[in-house]
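Novice: One-letter residues, chain by chain:
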Amino acid sequence: MTTAGGDDPDLPLVVAVGEGDAAAAARLVDRYASRLHAFAWRMLGDREEAEDVVQESFLRLWKHARRWKPGVARFSTWLFQVAANLCRDRLRRRREHVADAVETLVDERPESSEQLRQQEHSAEVQRAVRDLPGRQREALLLSHYDGMGNLQVAQVMGVSVEAVESLLARARGRLRRELAALGAENHGDRS
Amino acid sequence: MNNESQPKPTQAEADSPALAQFEDRLDRHGSDLACWPDAERAAAEALLRDSPAGRVALAQAAALEERLAAFPAPDPSPALRRNLLADFAAQRARGSWLDALWRQIGGIRVALPAMATALALGVAVGSWLPAPASDIGDSGNEDALALLQYELGDDSEW
Chain A
0 MTTAGGDDPD
10 LPLVVAVGEG
20 DAAAAARLVD
30 RYASRLHAFA
40 WRMLGDREEA
50 EDVVQESFLR
60 LWKHARRWKP
70 GVARFSTWLF
80 QVAANLCRDR
90 LRRRREHVAD
100 AVETLVDERP
110 ESSEQLRQQE
120 HSAEVQRAVR
130 DLPGRQREAL
140 LLSHYDGMGN
150 LQVAQVMGVS
160 VEAVESLLAR
170 ARGRLRRELA
180 ALGAENHGDR
190 S
Chain B
0 MNNESQPKPT
10 QAEADSPALA
20 QFEDRLDRHG
30 SDLACWPDAE
40 RAAAEALLRD
50 SPAGRVALAQ
60 AAALEERLAA
70 FPAPDPSPAL
80 RRNLLADFAA
90 QRARGSWLDA
100 LWRQIGGIRV
110 ALPAMATALA
120 LGVAVGSWLP
130 APASDIGDSG
140 NEDALALLQY
150 ELGDDSEW
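Listed in order, the protein sequences are those of chains A and B. For the first sequence, the residue numbers in numbering that gives the first Met the number 0 are 0 to 190. For the second sequence, the residue numbers in numbering that gives the first Met the number 0 are 0 to 157.
In case anyone wonders, no lab produced these hints; they're calculated from the structure. Just so it is clear, CB atoms sit at the ideal spot from N, CA and C, and this is done for glycine as well. Heads up, a few of these hints could be off.
Claimed, not checked - Estimated spans, in silico, between C-beta atoms of each pair:
| hint | chain 1 | residue 1 | chain 2 | residue 2 | range |
| --- | --- | --- | --- | --- | --- |
| 1 | A | L181 | B | A89 | 45 to 51 Å |
| 2 | B | A38 | A | A162 | 19 to 25 Å |
| 3 | A | E161 | B | A41 | 41 to 47 Å |
| 4 | B | A69 | A | P69 | 37 to 43 Å |
| 5 | B | A113 | A | P11 | 35 to 41 Å |
| 6 | A | P8 | B | A68 | 21 to 27 Å |
| 7 | B | A92 | A | A122 | 42 to 48 Å |
| 8 | B | D37 | A | S159 | 28 to 34 Å |
| 9 | A | A180 | B | A89 | 49 to 55 Å |
| 10 | A | E161 | B | A119 | 55 to 61 Å |
| 11 | A | G70 | B | A68 | 33 to 39 Å |
| 12 | B | A92 | A | R126 | 53 to 59 Å |
As the list claims (entries may be wrong) - If you only want the chain A side, here are some residues facing chain B, beta carbon under 10 Å, derived:
| hint | residue |
| --- | --- |
| 13 | V14 |
| 14 | F57 |
| 15 | K62 |
| 16 | Q125 |
| 17 | L174 |
Start from the sequences, fold in the hints, and give me the full structure.
Specialist: Structure below.
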């Protein structure tokens, strides 16, 4: 991947948005709103706040699209950069540990013991990811859930690729240990 | 993480520096070797051909990633899309209003000469007016400064 705008698949849409094209705006919304919302929700653990982040990110796009400079950064990198900054600001303002006040997505009426077990696993994973230190969590979310390469993650986070690799290595190592420990615990409980 | 089908690595193999390096790379790049830098991928593929422990590590990394999939995110509300597009329409309306005003006042062809004229007038009026007389001399400034310092007190925080 390069940072040049020439190979940016979103560039024609961004240019069209800058010219006031409503259809192009709708296509960018359909392409990115859900992804951005999922990222912000995993970061913040709050649906309303996640929607606020998405709305604020797109508002910046609507304002700046006319002055978009191709070749400086890929559009998706820029958009996630804006959203990540907004999430960081909100986390900073909270001044409390994110895991203390977050939603966990669960099926409220599991129909079978298998579903209940899956739900428990899901809650464990959500807690383990949310308990990661902020930068490790951010790197993991962008890499694993948004499918970005390490270079793009580095651009979104404003750090070097080596720093991203180090964050990911620590995050994956920690998750592996924690989830293995939880697995052993659960296995012990059942036996 | 079920690795029962994999042969167990020997102790010597588990302790090898090449394996430790491979595990570190797995944590850095993930279990999809296609996403690795070319040189590192070639070394990893060579190791995997001969090392059961390497294959176990790869399977464990893939299992962790599979497990992380159990973190679904909720869908945004249907109102979000409407709000985003309403914001776009409002921004476009604001932009076109400013454009219309700019065109109405004549755009750059009128704005530049108008600014140049205003600047020339400002310089002319400034040079024509007499210099303002001040009845506060240097000592007056010193007095005012002393009074201000007295009112503020000698607070080291300032």
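Novice: Now tell me, hint by hint, if it's right for this structure.
Specialist: Each hint tested on the structure:
1. Distance hint check: the CB atoms of L181(A) and A89(B) are about 48 Å apart, consistent with the given range 45 to 51 Å.
2. As the Cβ distance of A38(B) to A162(A) is approximately 20 Å, the hint placing it in 19 to 25 Å holds.
3. As the Cβ distance of E161(A) to A41(B) is approximately 20 Å, the hint placing it in 41 to 47 Å is violated.
4. The hinted window of 37 to 43 Å between A69(B) and P69(A) holds, with their beta carbons roughly 39 Å apart.
5. Under the hint 35 to 41 Å, the C-beta atoms of A113(B) and P11(A), about 38 Å apart, fit the expected range.
6. Checking the proposed 21 to 27 Å range against P8(A) and A68(B) shows it holds: the Cβ atoms sit about 25 Å from each other.
7. At roughly 46 Å, the beta carbons of A92(B) and A122(A) sit within the given window of 42 to 48 Å.
8. At roughly 20 Å, the beta carbons of D37(B) and S159(A) sit outside the given window of 28 to 34 Å.
9. For A180(A) paired with A89(B), a C-beta distance near 51 Å keeps the hint of 49 to 55 Å intact.
10. Between E161(A) and A119(B) the beta carbons are some 58 Å apart, a value that agrees with the proposed interval 55 to 61 Å.
11. Between G70(A) and A68(B) the CB atoms are about 35 Å apart, so this pair conforms to the stated range of 33 to 39 Å.
12. Checked against the hint of 53 to 59 Å, the pair A92(B) and R126(A) fails, with Cβ atoms roughly 45 Å apart.
13. Violation of the interface hint for V14(A) is found here, the shortest Cβ-Cβ separation to chain B being roughly 15 Å, above the 10 Å cut-off.
14. Satisfaction of the interface hint for F57(A) is found here, the shortest Cβ-Cβ separation to chain B being roughly 5 Å, below the 10 Å cut-off.
15. Interface restraint check: K62(A) against chain B, minimum CB-CB distance 6 Å, threshold 10 Å, status holds.
16. Hint on Q125(A) holds. Least Cβ distance to chain B is approximately 5 Å, under the 10 Å limit.
17. The beta carbon of L174(A) comes within 6 Å of a beta carbon in chain B, closer than 10 Å, and the hint placing it at the interface holds.
Violated hints for the displayed structure, listed by number in ascending order: 3, 8, 12 and 13.
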